[in-house]
Amino acid sequence: MVGLETRVNDFVVKFANVNGTGSASANLLFTKSIFRMGVYVSPKNFFPSNIQGLPTWYEVRVNEKGYLGRRDGVDLMVTVNAQSLKSDIEEVKPGGYLVYDSTKMLHSEYIREDINYIGIPLMEMCNKEFTDPRQRLLFKNIVYVGALSALLDIEFNVLENLISEQFAGKEKLIAPNIKALKMGSDYIKANYKYPLDIRVERRNLTNNLIMMEGNAACGLGAVYGGATFAAWYPITPSTSVAEAFGEYCEEFRVDKDGKHNYAIVQAEDELAAIGMAIGANWNGARAFTATSGPGLSLMNEFLGLAYYAEVPVVLIDVQRTGPSTGMPTRIQQSDVLLAAYASHGDTKHILLFPSTPKECFEMTADAFDLSEELQTPVMVMTDLDLGMNDHVCEPLEWDAKRKYKRGKVLSAEDLDKLNSERYGRYLDVDGDGITYRTIPATHPTKGAFVTRGTSRDEYATYTEEGPPYERNMERLSRKFETAKSYVPAPQFYHAENQCDYGIIFYGTSTQSAEEAIDILKQKGIYLDAMRIKSFPFQKSVEEFIEAHDKVFIVEQNRDAQMRSLMLVELGSPSKKLIPVLNFDGLPITADLIVKEIEKKLTKKRKANKI
Amino acid sequence: MSYARPKFRHPQLPKNELGYTSDYYEGSISTLCAGCGHDSISAAIVQACYENNVEPHMVAKMSGIGCSSKTPAYFLSHSHGFNSVHGRMPSVATGANMVNKDLVYLGVSGDGDTASIGMGQFVHAIRRNLNMAYIVMNNGCYGLTKGQDSATADDGSKNKAGSVNHFQPIDLASLALELGATFVAQSFSGDKTQLVPLIKAAMKHKGFAFLNVISPCVTFNNNPGSTKSYDFVREHQEATSTFDLVPYKTEITTKYEEGTTKSVVMHDGTLLQLHKLEQEWDPQNRLSAMNALGNAKQKGEILTGLIYIDEKSKDLHDLLNTSDTALNKLTQDVLCPGTEKLRDINKSLR
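As given, the protein sequences belong to chains Z and X, one line each in that order.
Taking the working numbering, the leading residue of the first sequence gets 1, the next gets one more, and so forth.
Taking the working numbering, the leading residue of the second sequence gets 1, the next gets one more, and so forth.
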């Protein structure tokens, strides 16, 4: 038997399933059991744009050092899908393991000499034990989780507890599930050497941490942030943001008499979805929409209106692989430029880049404050990896003293105090570019005006004259400048810059970038690091670039969009900013970042020699 | 038209129950062409709001883009308005409405804004029975871009340039009925006597009140051969019943011959009395109303008046069971679950 070196709490397990066979909950059970044993774990779904029948994968990285980005190479593959068997087997690292359904014999073409085969007659066992056809299918998944518990040394009672929690209220289902787990575990114990040289050992690293999907965190952030209205159009991967908002609202926003302190409208398309969110904000509520690339394209016209008419609105953009329909269930960070300059005319928008579910929660809640304070759209730029996968992160926090910041809104009393002074909706009284707005029905006789996408003067009166138009556009620029002091500052990994080279990353490239920095350090390549959290860029972003000879920018798109944004906005020298890119639709790995940076540095050395 | 409107008003202008004279409901000077049908509709809106005793600040004026969508600036200057983007007024109105159920939403649109670019949003606002009055100022052409045919131009209608439209027209009233609109009416901008009570009723209706008003474009579509010209509409308008709106608790004094009047109680108690019931359909029966519209069309007539009403309809707020307090008035203590609850949520995620 070929074997891997003994590796505790450091390996990748991948499940090859068929879409629609109930594998998701079994796979989550596996992940959660490791998390409960106090070890960091990072699951990722690779699923097709399909409901039933096509191959789907679930990859789990177990890593006690806390590296949560994706890693190439599979140490143990669980395959229950004949369709993808060939390529699944190829993915296993030499010395690794293949767990397969041995009810039927594996054809010789599937036999590799350099990996280990662990056959379990899943179908045969389930057909014998269960009579209901649906159960036979579902319990196959639970049986292999049971088998893994023996192979990887996962504590059985942790699994038992998870099953009991999952089926609280449906106690009848607990016993057959535990039986299925035991069937798998017993089969391994009777037929194979266990545990394997890759295995889990209990630690207490995750005690206070949580495991959550980014989309659920955005939905919850909208509830905490005071959103009362959401309008959305179904699109992968953002659908679960609106759904999570709805579920949390049912929990926290229903009165004793059953009345809803919220409203959700499933719109006819994305145009209508953002139009509704804008209408609600205009009328003084906090409202949002959630979408993905194709929806963002459609929303451009309305984003221009909200920018120009200065109506707050929050948009959660869960990015996926474009252009066009692209790969709808794969990840990319490729909406950056579209979002930053959405709509015709001179427009610029506030963007936030979360990298964990905790930040999804915080930044969504913050987005409502920012958008009302700055009276402009704010987009939370998350992605499919962050949104639809469980991520281990710090627990969510909410300051009990926190008060919603509604920005410059005039009350009836404020309007009365104006006396003879004429109210100017677009009059820059404070010099920061942010003017005072009024909400409909605030005052019987004062403060009314027509909100419009056409040019208007400081008093909201329609005009096609050049000077007031220019004054307004320049004020909007001033406001965008002001926004720099409102949006979250970048994260710096060192108190001061120490290296010649720097690295910049954002969103879900963060985990792999952090790991790459550590790997490169071991190789003698030192990098100062900065994580971008928002647009517009603050002075510190510019200073970081200026302070280094070369700066690598890690992104998950083809054209290095964040880099382009920096070139345009900061006028940084283009030779200095070196893109490190991944855009195959799978989450970026530390290995790729390391390889690319090494390659670029070697090239440079070679060039220097010549 | 760019002349200054005289500020002088007759000192004894009658006041409504709120103590406002009708000029209080006016807006700024119209910049539409002299004689534009839309200006007559704006005047009818002013009159209707005055007679309905509406607090102007409790009205939200919503519009899209086009000549018609400019009009919210020309009435109710004490109301907030939102002149949004082309064809997208229904969505903005939906969002606005959902977070403040206490306002009256008055949407103004045109045939381009509704029947072409905005068709998608229009039909879905109807489906949801959004509580708003939706007025289409329908002139069969694109005025602001100088007279191109619109989707409501009739087959065979000739425009000013002499070209004849051969595409089938979209009949907005029939469409609204088909989609389940709970209030459908048609009128003519030149018939203020009929238009004012229709607007009043539309604003009082709970649910989607659709009012299709033929409003001739004097500049581009008022020529012989056009089926949306003043002359043509006057000749072919088939005005149906007239009606009175009797406010709740007001004594009914006028007496009509038995059998010629039908009374409909609206949701706020207002009595809508339809007279001259020799009309051949029942305005409380959708199928009958659809037949009536179809029959008139076959005869080449434009049926005007109240076509259909479902006075007991459930609006979007009823369907979504939203709180009695307008959502935009809910405060942080109601909206934010707080720190303790978040601790429980964290616990459930371990």
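Derived by calculation from the structure, the hints in this document are not laboratory data.
Please read these numbers as outputs of a predicted model, since none were measured by experiment.
Don't take every hint at face value.
Taking CB as the label site, the calculated pair distances span [to be verified]:
1. Glu280/X x Gly407/Z: 28 to 36 angstroms
2. Thr331/X x Asp559/Z: 39 to 47 angstroms
3. Thr331/X x Leu418/Z: 52 to 60 angstroms
Below, a sample of chain Z positions facing chain X; criterion: calculated Cβ distance under 7 angstroms [unchecked claim]:
4. Lys256
5. Ala277
6. Trp282
7. Ala285
8. Asn300
9. Glu301
10. Ala412
11. Leu415
12. Ser455
13. Ala495
14. Asn497
15. Cys499
16. Asp500
For each residue, glycine too, the CB sits at the ideal point set by N, CA and C.
task: Report the numbers of all earlier hints that the structure fails to satisfy, in ascending order.
output: Those not satisfied are hints 1, 3, 4, 8, 10, 11, 12, 13, 14, 15, 16.
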